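Use the sequences and the hints to build the structure in full.
Each protein sequence line maps, in turn, to chains G and U.
My numbering applies: residue 1 is where the first sequence begins, and numbers increase by one.
My numbering applies: residue 116 is where the second sequence begins, and numbers increase by one.
Simulated from the structure, these hints should not be mistaken for lab results.
Since this is a predicted model, take the numbers as computed values, not measurements.
Hints are not guaranteed to be accurate.
As the list claims (entries may be wrong) - Pair ranges (Cβ atoms, derived):
(1) U:Leu-135 - G:Gln-41: 19 to 29 angstroms
(2) U:Ser-118 - G:Gly-84: 38 to 48 angstroms
(3) G:Gly-84 - U:Ala-169: 38 to 48 angstroms
(4) G:Asn-51 - U:His-154: 23 to 33 angstroms
Said to hold, decoys possible - In silico lysine to aspartate or glutamate, DMTMM-like type, Cα no more than 20 angstroms apart, as pairs:
(5) U:Lys-164 - G:Glu-62
(6) U:Lys-157 - G:Glu-54
(7) U:Lys-164 - G:Asp-29
(8) U:Lys-173 - G:Glu-103
(9) U:Lys-227 - U:Asp-123
(10) U:Lys-164 - G:Asp-97
Note that the Cβ used here is the ideal one computed from N, Cα and C, for glycine as well.
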Amino acid sequence: DSGVTQTPKHLITATGQRVTLRCSPRSGDLSVYWYQQSLDQGLQFLIQYYNGEERAKGNILERFSAQQFPDLHSELNLSSLELGDSALYFCASSAHDSSTNTEAFFGQGTRLTVV
Amino acid sequence: AQSVTQLDSHVSVSEGTPVLLRCNYSSSYSPSLFWYVQHPNKGLQLLLKYTSAATLVKGINGFEAEFKKSETSFHLTKPSAHMSDAAEYFCVVSDRNAGKSTFGDGTTLTVKP
Chain G
1 DSGVTQTPKH LITATGQRVT LRCSPRSGDL SVYWYQQSLD QGLQFLIQYY
51 NGEERAKGNI LERFSAQQFP DLHSELNLSS LELGDSALYF CASSAHDSST
101 NTEAFFGQGT RLTVV
Chain U
116 AQSVTQLDSH VSVSEGTPVL LRCNYSSSYS PSLFWYVQHP NKGLQLLLKY
166 TSAATLVKGI NGFEAEFKKS ETSFHLTKPS AHMSDAAEYF CVVSDRNAGK
216 STFGDGTTLT VKP
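So, in structure tokens, the structure goes:
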């Protein structure tokens with residue numbers, strides 16, 4: 001158990017809908033990262049928050065947004081969903097501002113299926 | 116710019132034989148390198164990391180990797196495969212100047228009895 005909790009584990013929704021994925025980082029970790037893992041794109045970094053502020057952006061679509069709350073949990077909002085958004089979404093956390101030198105701990109992921 | 120290439124998408128070995136998963140990287144600066152393992156329906160777990168200390172890095176479950184700057188490689192090895200090693204393995208390169216981590220496409224390791 002990595003200590004990172006993601007909910008829900010599975011989500012099935014229709015095209016055009018909006019969903020929210022939730023992540024609770026490990027106790028004491030200030031950084032939260034979101035990743036998308038799909039068969040055709042592999043594992044892609046979406047966005048990072050550190051202590052409530054956005055720190056880095058990767059290949060995140062404009063239809064997607066995220067935030068980190070004062071209690072350090074984070075939410076990833078996906079809107080106007082398309083079939084191609086079906087993927088496994090991972091959250092990871094680390095103690096420091098960057099994952100470049102410190103270990104990131106991953107949650108078990110939320111599997112999103114858009115039908 | 117940074118990139119990482121995992122040279123084999125699938126590797127199959129017999130139980131008890133050595134494992135070699137190959138990773139080459141490209142980075143403008145001195146990188147940090149990681150190997151993660153993902154078992155089916157599980158999150159990613161760190162196996163080992165290189166952060167400019169010893170070039171031979173030992174990780175969990177008997178895995179190790181050697182950082183070779185001249186070859187820009189960070190191959191993952193294990194002397195003797197176990198059935199429980201069957202999983203997908205990701206090589207990751209990071210540097211502070213890029214400000215993010217880049218994942219390889221993954222290598223699926225199959226272990227035959």
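Proposed proximity, Glu-62 (chain G) with Lys-164 (chain U) (alpha carbon, max 20 angstroms): Violated: Lys-164 (chain U) and Glu-62 (chain G) sit about 33 angstroms apart, past 20 angstroms.
Consistency of beta-carbon spacing, His-154 (chain U) to Asn-51 (chain G), with hint 23 to 33 angstroms: Roughly 31 angstroms apart at Cβ, these two residues keep to the hinted range, so it holds.
If you draw a straight line from the CA of Lys-164 (chain U) to the CA of Asp-97 (chain G), is it 20 angstroms or shorter? It holds: about 17 angstroms lies between the C-alpha atoms, which stays within 20 angstroms.
Does the beta carbon distance between Ser-118 (chain U) and Gly-84 (chain G) stay inside 38 to 48 angstroms, or does it fall outside? Between Ser-118 (chain U) and Gly-84 (chain G), where Cβ atoms are some 24 angstroms apart, the hint is violated.
Straight-line Cα separation of Lys-227 (chain U) and Asp-123 (chain U) no greater than 20 angstroms? holds, 17 angstroms
Are the Cα atoms of Lys-164 (chain U) and Asp-29 (chain G) separated by 20 angstroms or less? Distance ~19 angstroms between Lys-164 (chain U) and Asp-29 (chain G) Cα, so the pair holds.
Straight-line Cα separation of Lys-173 (chain U) and Glu-103 (chain G) no greater than 20 angstroms? holds, 15 angstroms
Decide if the proposed pair is consistent with the structure: Lys-157 (chain U) and Glu-54 (chain G), CA atoms, cutoff 20 angstroms inclusive. violated, 27 angstroms
Please check whether Gly-84 (chain G) and Ala-169 (chain U) have a Cβ separation lying inside 38 to 48 angstroms. Holds - the Cβ-Cβ distance for Gly-84 (chain G) and Ala-169 (chain U), about 43 angstroms, lies within 38 to 48 angstroms.
Taking the beta carbons of Leu-135 (chain U) and Gln-41 (chain G), is their distance inside 19 to 29 angstroms? With a Cβ separation near 26 angstroms, Leu-135 (chain U) and Gln-41 (chain G) satisfy 19 to 29 angstroms, so the hint holds.
This entry does not satisfy hints 2, 5, 6, going by the numbered hints stated previously.
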